[in-house]
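Participant: Below are the chains, spelled out letter by letter.
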Amino acid sequence: MVLVERAKIYEGTRIPSPIPTVLQVDPALREEGDILEVNFGPNHPSTHGVLRLVVELNGEQVVGLAAVVGYLHTGFEKNMEQKTWWKAITYPERIDYLSFQYNELVFVLAIEKLLAVTPPAKATWMRMLLCELNRIHSHLIWLGTAALEIGAISMLWYTFRERDAVLDLFELVTGVRMHTRYFQTGGLAEDIPPGFFTECRKFVDMFPRRIDDYEALLDRQQIWLERTRGIGLLSAEDAVALGQSGPVLRASGVDWDLRKAEPYLAYDQVDFNVPVYENGDVYDRYKVHIDEMRESTRIVQQCLDGMPEGPWIVDDRKIVLPPRDELHTSMESLIHHFKLVTEGYRVPEGEVYVGVESARGELGCYLVSDGGPRPWRVKFRAPSFVALEATATCMSNALVADLIAIVGSLDTVMGEVDR
Amino acid sequence: MSWDSVPGFIGERMEHGETTVVVETARLVDAALRLRDEEGFNFLADIAVTDYLGWNGRPVAGYWGSATGRDINLPGSWGLARTPDPKPKRFSISYHLLKVVSGATDAPRLRLQVWCEDGEPVPSVVPVWPTADWHEREAWDMLGIRIEGHPNLTRILMEEDWEGHPLRKDYPLGGEPVRFSSAE
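Just so you know, the sequences run in chain order U and R.
Every letter in the first sequence is one number past the one before it in the working numbering, and letter 50, counting from 1, is 50.
Every letter in the second sequence is one number past the one before it in the working numbering, and letter 70, counting from 1, is 1070.
Derived by calculation from the structure, the hints in this document are not laboratory data.
Treat the hints with care, as some may be off.
As the list claims (entries may be wrong) - Just so you have them, the derived chain R footprint on chain U, three or more residues with Cβ under 8 Å:
1. 30-36
2. 233-241
3. 367-375
Built from N, CA and C at the ideal position, the CB exists for glycine as well.
Hey, can you work out the whole structure from these sequences and the hints?
Facilitator: And the structure:
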């Protein structure tokens, strides 16, 4: 099999100037008068939501590009300011609807940081397990759709089969397939149901073989290789300057993962590797995603083995709803329940920023509390929003046919971009 | 470690294990360059703007009650145990910085903060961290911060002809005009 020689990663910065996110057409080229402006989106099946790219073409070459976002803006941050803290937990999951557990996690962790509450070990490990399952879920959707967009249609059916298995596990634990709202301030909303561990082990045993299947389908397929190798280049320096994180940054050769650099939950107690690739092209982003699914499966395995016994939520009646059965016998519990549901708990005054490594990169949550029962300000650092800033850099001198592969490889979710 | 050698240093505080360094708005770019080039904060994670209008008791939309506490007759209010500490100006702009070193086992973070009043210009940090481009556009769009020297300061999430800045505290809830109603 003859493989195309991969372009070496370029030297020097390719970030456009003066606007880092807009690729501007060279005035001399524009003078020649052969520039065609094409609107790509907002409603195009392969834009992962509603993204509009204004592309200027010289023949088949992309010479100008500007990303226009905001079509999915729903005002989550404004809405959350109107809700009590614990009612607002429902919102973040809908921001990035593919890695919902991370959004929930980062918000809950930020509240816990303000409250200075430490959840019990069982809750921490279960959060870690569900988050890694969620990473698998998110990467599976990415792999299926990214491959679909550049013609490998069969991938979608295989990845969605396993995605459904992950969603079944979520349903088993939380009762809901997506947007679970299972993480509660101080721990988990409910205990882990019996039977979950058996089902989850079945998945963990089965899944690595399925990843091998995906690789077998794609890794040696000439069309896939030619359409992904050597395009969408992003150097390590450019990636850091553009604030890239997650798989995009790791595919550019930067060994950076918040789970290692700033271990939250119990990531310092599990063994896993951070996949890093050097070339910064679409193919390497694909490899990072595939390897991360393997590592996530390993973490899930270790969580199943090391899951501690004990309570799933802290015993602090000022923050946590009392057990349901106590409401019939205890006046105190009834009062606590009533106060928490109607007015919520108060969170001490202050500001915090918490970052976690979501499926797409550094997901941050900045919270300001005035000491009242509602957040004063909630701001999410959305990795997809930042990833789209790199489109102009990745697309310089690319062909229009590569546009979909490159935008797809940045793994953006428009709900998170527009919030 | 002390940060008082940062250009334009006003103050620093340590809360919840996070360091915040407040600098003068006019010297923001000097401070940013110093932190990037000498302290190694090469990664700008986020720019978060907060509107503190009504923070210390003025009744505005989104806030129930007065300086003496929240009105307990309104639903969902508990009354503040104490009024929060006053803030120096209306808006705070927090630059969440991170030191990204390949293969590192620690992630030093720093919050660089400036304060400004409504309409007061804030210098752009796009030349320092290119990723600030969209974050600053969002700061303008959502909270109306006048970023000075930004190469392309247009609205990003709202439509181009949108009036007002939705995340401000005086922006009315349900602020979109209703075009049709049953009374017509």
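Participant: Taking the hints in turn, state whether each one holds.
Facilitator: To see whether the hints hold, each was checked on the structure:
1. 30-36: This one is violated; 0 residues, fewer than the three required, reach chain R with a Cβ under 8 Å.
2. 233-241: holds (count 3)
3. 367-375: That given contact holds, which follows from 6 residues of the stretch 367-375 of chain U lying within Cβ reach (below 8 Å) of chain R.
Checked against the numbered hints above, the structure breaks only hint 1 and satisfies the rest.
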